[in-house]
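Student: Letter by letter, the chains look like this.
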Amino acid sequence: MADGNCLIANDWICGEYVRTRGQELTDATLQHIGITLASVAIGLLVALPLALLARRWRPVAGPVLGATTILYTVPSLAMFSLLVPVFGLSAAVVVTGLVLYSLTILVRNILAGLASVPQDAREAARGMGYGPVRLLFAVELPLALPALMAGLRIATVSTVSLTTVGAIIGYGGLGNLIYEGMRSYFKSQVLTASVLCVVLAVVADLALLLVQRLLTPWARPKRRTKPGKPVAGGAGRPEKAVA
Amino acid sequence: MGVLERTWDWLATAAHWSGTDGVWHRLGEHLFLTVVCLLISCAVALPVAVVLGHLGKGGALAVNIANVGRAVPTFAVLVLLLLSPLGTHGSWPTVIALVLFAIPPLLTNAYVGMREVDRDMVEAARGMGMTGAQVIARVELPLAFPLIVTGVRTAAVQVVATTTLAALPGGGGLGRIITAGFRLTDTAQVVAGALLVAALALLVEGAFVLLQRFLDPMRGHVTAVQDRPA
Chain A
1 MADGNCLIAN
11 DWICGEYVRT
21 RGQELTDATL
31 QHIGITLASV
41 AIGLLVALPL
51 ALLARRWRPV
61 AGPVLGATTI
71 LYTVPSLAMF
81 SLLVPVFGLS
91 AAVVVTGLVL
101 YSLTILVRNI
111 LAGLASVPQD
121 AREAARGMGY
131 GPVRLLFAVE
141 LPLALPALMA
151 GLRIATVSTV
161 SLTTVGAIIG
171 YGGLGNLIYE
181 GMRSYFKSQV
191 LTASVLCVVL
201 AVVADLALLL
211 VQRLLTPWAR
221 PKRRTKPGKP
231 VAGGAGRPEK
241 AVA
Chain V
1 MGVLERTWDW
11 LATAAHWSGT
21 DGVWHRLGEH
31 LFLTVVCLLI
41 SCAVALPVAV
51 VLGHLGKGGA
61 LAVNIANVGR
71 AVPTFAVLVL
81 LLLSPLGTHG
91 SWPTVIALVL
101 FAIPPLLTNA
111 YVGMREVDRD
121 MVEAARGMGM
131 TGAQVIARVE
141 LPLAFPLIVT
151 GVRTAAVQVV
161 ATTTLAALPG
171 GGGLGRIITA
181 GFRLTDTAQV
191 VAGALLVAAL
201 ALLVEGAFVL
211 LQRFLDPMRG
221 HVTAVQDRPA
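These protein sequence lines are chains A and V, in that order. Note that the working numbering has the first sequence beginning at 1, numbered continuously upward. Note that the working numbering has the second sequence beginning at 1, numbered continuously upward.
Source of the hints: derived by calculation from the structure; they are not laboratory data. All C-beta atoms in this analysis are idealised placements derived from N, C-alpha and C, irrespective of residue type, glycine included. It is possible that some hints are incorrect.
[Stated by the list, open to error] Away from chain V, derived, C-beta distances all over 12 Å, residues of chain A:
1. Pro75
2. Leu162
3. Gly166
4. Gly172
5. Tyr179
6. Ala193
7. Cys197
8. Val198
[Unchecked claim] Derived CB-CB ranges, DEER-like:
9. Ala207(V) / Gly22(A): 43 to 53 Å
10. Gly62(A) / Trp24(V): 47 to 57 Å
11. Arg213(A) / Gly28(V): 45 to 55 Å
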């Protein structure tokens, strides 16, 4: 097979494309990962105090949840466009938009996780002389982790997918390649970037699942009781608290 | 504050509202695509979800399809369809992408709604001699109604958002005002278009919330399965 031909024939799958544009693909993937990581990390840093605030002062809870829900309804293209006058054509537009989206899921799931902490565990910790800060970090947050991590996974996967829309202002990671490929009718570029995008989402999801397993050893299914029989692959386990 | 004033000026200019590139025409396109695609996806997804939910089968499918819908970028699918042989057939790529992304919330919510119906009630209905179809129509559907409407609401907002994105590969709808604004580097037009799109999405969401309140006798007991629109 003549390798260069697939570029000329504009095939969907083209090894030559991946070989010759490796650097471009790597750069786009790194930008994609950077935008996603920044958005989810900032989202988590903002969502945690918001959720704690909403839990502490009931009157705040309604407005916080309402505002994040409204933000969530705004289509991504409109969200990024509205942020352009604020930040100019920079990556900050995309990151801010994605942070605002992730807040809805993260705040809700952190609240649900904190609400699911058994009252007995709290009482026991208080009885042992835990102050409010130690109670939060040593007892409540660890017990809220499954719900928090479920939210983090959903937020991360949606963020990876939505980052592509940032291509409208040139900061869309792999979305930039899809956008260029659309303009120039370059099939293998569009397909390769799209597939990489989905792979990125799946890898991120699995990585977070692994982190969750490592952080919550008590929640692992008991496998050691019957070493001969493998436990059915987690299909029947309760799904996320709030989506 | 210059941008806000210029945006207001843009919106207040009558010429921007008329003609093929005008707001009214784009809004018409947007609403037409939204309604048609929502109806198609409801017709495809709801019967499947109701039957699967009734039989209690395909739970893994209903859950996984939501995860797949979240992981696959809408923009990528729009462009892939445009470059496929379908791309030469007018708005078909857009319609297909819209339907594809509206199906997951419809399917998942309707399925969960059907499964969450109290099993005792279903048993009681069977004991009274109801057939499968009667159980669906008289017991399960009324009780699953709130979640089914939630699914339709999520799908509707999703379709509005996806239709906006369809402007990037040259589809119709209000997104075209934004993309044209970017091409002309006219920030006021970009912001004006974005405001119109955001207002439309919020109106659709609000309309469905009201509809749900009026039609649903058991409000307050709904656990929403929500998904981020594109």
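Student: Going back to the hint list, which numbers does this structure go against?
Tutor: 1, 2, 3, 4, 5, 6, 7, 8 and 10
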